[in-house]
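J.: Protein chains in written order, with the working numbering: chain F, 122 to 368; chain Y, 122 to 368; chain Z, 122 to 368; chain B, 122 to 368; chain R, 122 to 368; chain S, 122 to 368.
Worth flagging that the hints you see were computed from the coordinates, not collected in a lab.
Keep in mind that the hints are not guaranteed to be accurate.
[Said to hold, decoys possible] Computed spacing ranges between beta-carbons, pair by pair:
1. Y:ILE343 <-> Z:ALA261: 18 to 26 Å
2. R:THR347 <-> B:GLU336: 31 to 39 Å
3. S:ALA192 <-> F:SER167: 36 to 44 Å
4. F:ASP186 <-> Z:GLN329: 30 to 38 Å
5. B:LYS363 <-> R:GLU332: 31 to 39 Å
6. B:PRO185 <-> F:GLU340: 45 to 53 Å
7. F:SER167 <-> B:THR347: 47 to 55 Å
8. S:ARG342 <-> R:GLY367: 41 to 49 Å
9. R:ALA132 <-> S:ILE343: 51 to 59 Å
10. Z:GLY161 <-> R:ARG135: 37 to 45 Å
11. B:THR347 <-> Y:ALA166: 31 to 39 Å
12. Z:ALA261 <-> F:SER167: 21 to 29 Å
13. R:ARG135 <-> Y:ARG357: 53 to 61 Å
[Claimed, not checked] Cut-off 25 Å, straight-line C-alpha distance, at most; resulting in silico cross-link-like pairs (DSS-like, lysine-lysine):
14. B:LYS136 <-> F:LYS151
15. S:LYS151 <-> Z:LYS151
16. R:LYS151 <-> Y:LYS151
[As the list claims (entries may be wrong)] Covered by chain B, per the in silico footprint, the following chain Y stretches (three or more residues, Cβ under 8 Å):
17. 147-161
18. 209-216
19. 275-288
20. 318-326
Source: prediction; values computed, not measured.
No residue lacks a Cβ here, since even glycine has one placed at the ideal position from N, Cα and C.
There are 6 protein chains.
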Amino acid sequence: MDQTTTRVANAALRKLDNVSGATVLGCLMKRGYVHTWMEGVRPLASGRHLVGRAVTLRYLPARPDLQQRIARGAEGREFNETPRWDALERLGPGDVLVADAMGRSLTSTGGDVVYSRILTRGAAGLVTDGAVRDGHRVTAYGFPVFAGGSTPTVGEPFILPYSVNEPIQCGGVLVCPGDVLIGDEEGVVVLPAQLADEVADEAIEHEQMEEALLEHVMERRISPKTFYPFNDETRRIYEEWKERRGG
Amino acid sequence: MDQTTTRVANAALRKLDNVSGATVLGCLMKRGYVHTWMEGVRPLASGRHLVGRAVTLRYLPARPDLQQRIARGAEGREFNETPRWDALERLGPGDVLVADAMGRSLTSTGGDVVYSRILTRGAAGLVTDGAVRDGHRVTAYGFPVFAGGSTPTVGEPFILPYSVNEPIQCGGVLVCPGDVLIGDEEGVVVLPAQLADEVADEAIEHEQMEEALLEHVMERRISPKTFYPFNDETRRIYEEWKERRGG
Amino acid sequence: MDQTTTRVANAALRKLDNVSGATVLGCLMKRGYVHTWMEGVRPLASGRHLVGRAVTLRYLPARPDLQQRIARGAEGREFNETPRWDALERLGPGDVLVADAMGRSLTSTGGDVVYSRILTRGAAGLVTDGAVRDGHRVTAYGFPVFAGGSTPTVGEPFILPYSVNEPIQCGGVLVCPGDVLIGDEEGVVVLPAQLADEVADEAIEHEQMEEALLEHVMERRISPKTFYPFNDETRRIYEEWKERRGG
Amino acid sequence: MDQTTTRVANAALRKLDNVSGATVLGCLMKRGYVHTWMEGVRPLASGRHLVGRAVTLRYLPARPDLQQRIARGAEGREFNETPRWDALERLGPGDVLVADAMGRSLTSTGGDVVYSRILTRGAAGLVTDGAVRDGHRVTAYGFPVFAGGSTPTVGEPFILPYSVNEPIQCGGVLVCPGDVLIGDEEGVVVLPAQLADEVADEAIEHEQMEEALLEHVMERRISPKTFYPFNDETRRIYEEWKERRGG
Amino acid sequence: MDQTTTRVANAALRKLDNVSGATVLGCLMKRGYVHTWMEGVRPLASGRHLVGRAVTLRYLPARPDLQQRIARGAEGREFNETPRWDALERLGPGDVLVADAMGRSLTSTGGDVVYSRILTRGAAGLVTDGAVRDGHRVTAYGFPVFAGGSTPTVGEPFILPYSVNEPIQCGGVLVCPGDVLIGDEEGVVVLPAQLADEVADEAIEHEQMEEALLEHVMERRISPKTFYPFNDETRRIYEEWKERRGG
Amino acid sequence: MDQTTTRVANAALRKLDNVSGATVLGCLMKRGYVHTWMEGVRPLASGRHLVGRAVTLRYLPARPDLQQRIARGAEGREFNETPRWDALERLGPGDVLVADAMGRSLTSTGGDVVYSRILTRGAAGLVTDGAVRDGHRVTAYGFPVFAGGSTPTVGEPFILPYSVNEPIQCGGVLVCPGDVLIGDEEGVVVLPAQLADEVADEAIEHEQMEEALLEHVMERRISPKTFYPFNDETRRIYEEWKERRGG
């Protein structure tokens, strides 16, 4: 699958910094993208907003012969899982590592030593439907972490990293390399790269619209019953709100 | 089912303000009411105590023909889900919206715009075994929210509100309109309306009893081994405690 | 099973006070102990580190005839569940009550009155794969509590305590009386008594090693890619780190 | 919800006698009816095809006061659950009892004595997302039974029948009174009453089409790769097949 | 727990040979024994009725030190799991092996070589909430097998047999040594030893009663609506039925 | 991963025709291959033994842009899922299609028209952790089918085929192209290609050994207690058995 044509610009990412994943998801639903929210993937630390381009990593169930093939390290270093390191080294500012652990929320994909590389590469964060080892130490680095869980166990007997930057599933959702991930308290929404720019603009306007409507109902203590779908009344409220704010 | 005969007075609700759901549940067990705790329904924000009379809302699985029938809105406003608005408009101080979402903890029953109406009606809170959309925005309103989860997804393709103020299930428990809901860190207990007054009194005394017994064992660093079931010894400890407090 | 030969000294427990369960688990994996982490057992309050010797308590499904046999209390006190009290009275400083509730994470094993005894005995904490009744009141005592959940319900109709200080399962893991339990944000790891001393030493060194390596990569903003398995390079980094710290 | 306008004729039911639930579901998908298959509802005896109009029965969680209200029997006959009997007495040839047991696949909705009434009313069968008590005795009556499971337990302590012939959920799917249920090895598909006639015709043609295509590929040992979506080639094959059969 | 006082006679077992587990469960409910049906334990081969006295075997999670302790075999035979053999050697005609595998329905408790001993001891059957290895070979022996599942995997890395003839849980239900197990298509019901005789008699009469009532409604094509709870009418029908049969 | 070096000969497959998956799994455990049994993948029709080389097919979650990319069919034929057809066309005698549906046991991977191609290619069978549409029609073809389930639903809105003959997971187990799949009543075991020959020989001998031991214990009505691990005694019994058979 050719994913190289679209690279979402940092400017587009910044537009999404204050947008809720729920709003992005609403914009995607309208375009027929109905499965964009990862099930079972939750923030390990609350209050952090994630926006980043996906660098994808795919895990497979472990097997002795697979382990030998993917090691490719120096002599005797059989746990040096090169695909994982390949993925980490590709990360830069605005990028997020997205690891398909086949939904095994109790199985570690890495811990604080390995994931220190996300910090030192200046990347945006980490998303996996597997677990993070010693998650409370990884969240201490400060970047947003979304995972199936946190665990003290080691992953190698169960799963192994296999390939980098191909389309994967994560949390039951398709993630293509370069797709934008939006993470907040409600988890992670995947925004396909080619839609990032237009959805970002639409999402910002939608959030302003709802801010305007909420101010309106709160001031008057009235019901928002007639607001959906948006209509002449809501557009009028929104225009007045923009005027007041602009004034 | 005729539920109109009993309306729990606000005074009875206030008596329950400092009572644990666990204590109410214990009182109900003694009366043969064994299933009164909602499974899978948790506080979205901790540290908030809910006491309120149920206004019930029942969801059903979505279907195109059902959607047309329940819209009943103006021309073309097909998402105007009237039963949900009917329920919200019935709320007043001391009331809580209880929504049977058939236990679908990942499916939204509404978000911050819709549930602003709970705030502007001055109602006590929200309980559902479904999800709340963008829950962290709804909890920002300050009222207690108990739900199966928080999600960025929209509910309309999956569930639709169907009827108001009939008996429902929520979290596997029967809720009749007017029943009292007690919510705390451990979730939600349903207190049938006709028992509210007598259970409130009994629960307050039970909590005092346990407070007395706990003070007693803590001071003396002894075991509460002989306290259950309550007996002459525990009554003596309780009487002394009341005397000390009263004196 | 003869467990009386090894009693882990308090000094050994203290060595584990700053060690992560993940590190202990890693040491145990190397020795062929592969199932040592309790699934589904989580801290009810975060930020508390548990280290303690297990006093075990085994629950069984409730049945009227079983209830009569285990009551052994005075006349009419049929809820006086003696095995539970036997277990609580055996607790002392450095001990932790570990209750096998057959993985029933919604079923209460006890509440704030019963578990006040853990506090007044000066014990280290509580671990169960069942629930704690009114968990937010039990965590208020300050000792670490790890459980399958918190509930307002009562356990007697469903489970009954049956025996004390025999090998049990808890969270799917074997716990022998006297085994050491390590609890932190990621849950509970079981360290067999006879290995406690040697694993404690190894774990401390391993944590220092990783601290040294992490400082190294953070300062230089480099990848820890070549660190596993430990090798000449990592040993050199570690030795330099110890020297600097010692100097 | 007004369901009385459409009553599916027996002739329309007979058209569906040889049609697979999968084919009906495909026809419904094209019309935007995407959730029509009951999850977790399976045939208790294989090889029986169900086609019938729904008479719906809704269960609620049991509670002592609910039990008193729905008994409405003679003095002391408190287990005479009238709504269940109301539903059974409405059954006639071509009708099927559909019981919403809130997805409790282990909880009995009735056993061989109660469900003998389906046989003596000459009805088409039984569908529930709850369990059937002593299912192997009920299947011995010969009519098709689709359920969440079979159990020796009794349902009264857990669920109670509450209302008849209102819209319900069953297996996560909406069922309106009068809707047509198609049951086979793969479980139950719900066909809305107002679509029954047109879908029946379309389904029969679709099945003939696929029969023609399968004969074609089997004879020639070729791939059906170019058959979907249907096109000029497939129509030609179908027309030839009809001619041969007609000839 | 002293279970040696009651040994259910073979004559009492024979009385239960034609009784449904559902009927036994109903008799136990009336006596306050509410949890007697094993969840998740199903017949591996259908059409076989099990009645037998429990010889209990308790498994625990595997651990290297536990394995050494329970081996007790000759030199080097570390997989000779003595508690399992102890249990098997205690079996005689009318006995059933009941293995508590902690509900791990995918984990083997033994296969065709080990369980050949049930056949050669002339025992009544096998019940476990774990799995049977190569179940289709074990069912070929002809005795009834009830299990959580059938698997090709080996159990030793996960569970180990630990003790014999103590009270256990199996399928979430208490089983004391000597209790009677009734197994049929709906799974397994546990009948406490001390109640076996009286429940057997009551169950036989109950089944005759229902046979009489069913014949009555089938002949007349009428509703059994007024039959529960049993009353003057049902007793009259029953008496007539007995007379006819006796005559 | 280079899988082209080993192609398991048909002669090796034939050696496995009478071998149980359990026996193969035992041989693999000894070689450190511990995860080789697919969880949740069951025979849709019983009594059929599968042995075949894997042609792998990987599904991903559906998304509109992915659907466009993988269609690659003629104009307007957007459901022509080429990777699935690519996989089917690679099948020959002795091959089995293994489809990674990400464990979605309710989601269709294909139905009777598509899977007719397995029959007309003369392939050995079908394995998937997804569902088969109208499974009872697919099993009518006669080849062995192992799947997560059978369903009337269509898969396209949820999953799409993406790539062929790369390593996949299926039922939680690694499957590399060319690996041998053994399927029987207990499900599917994966035998890595490079081990197929040696494991086949060992498995046949192991099954003969157990046949000999079982005959021995059955004739003498004795316990197999001392048989594991195999030893001088078992070897003697086996040699005698071979002699008798050979003579």
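J.: Going through the numbered hints above, which ones does this structure break? Give me the numbers in ascending order.
T.: 2, 5, 9, 11, 14, 18, 20
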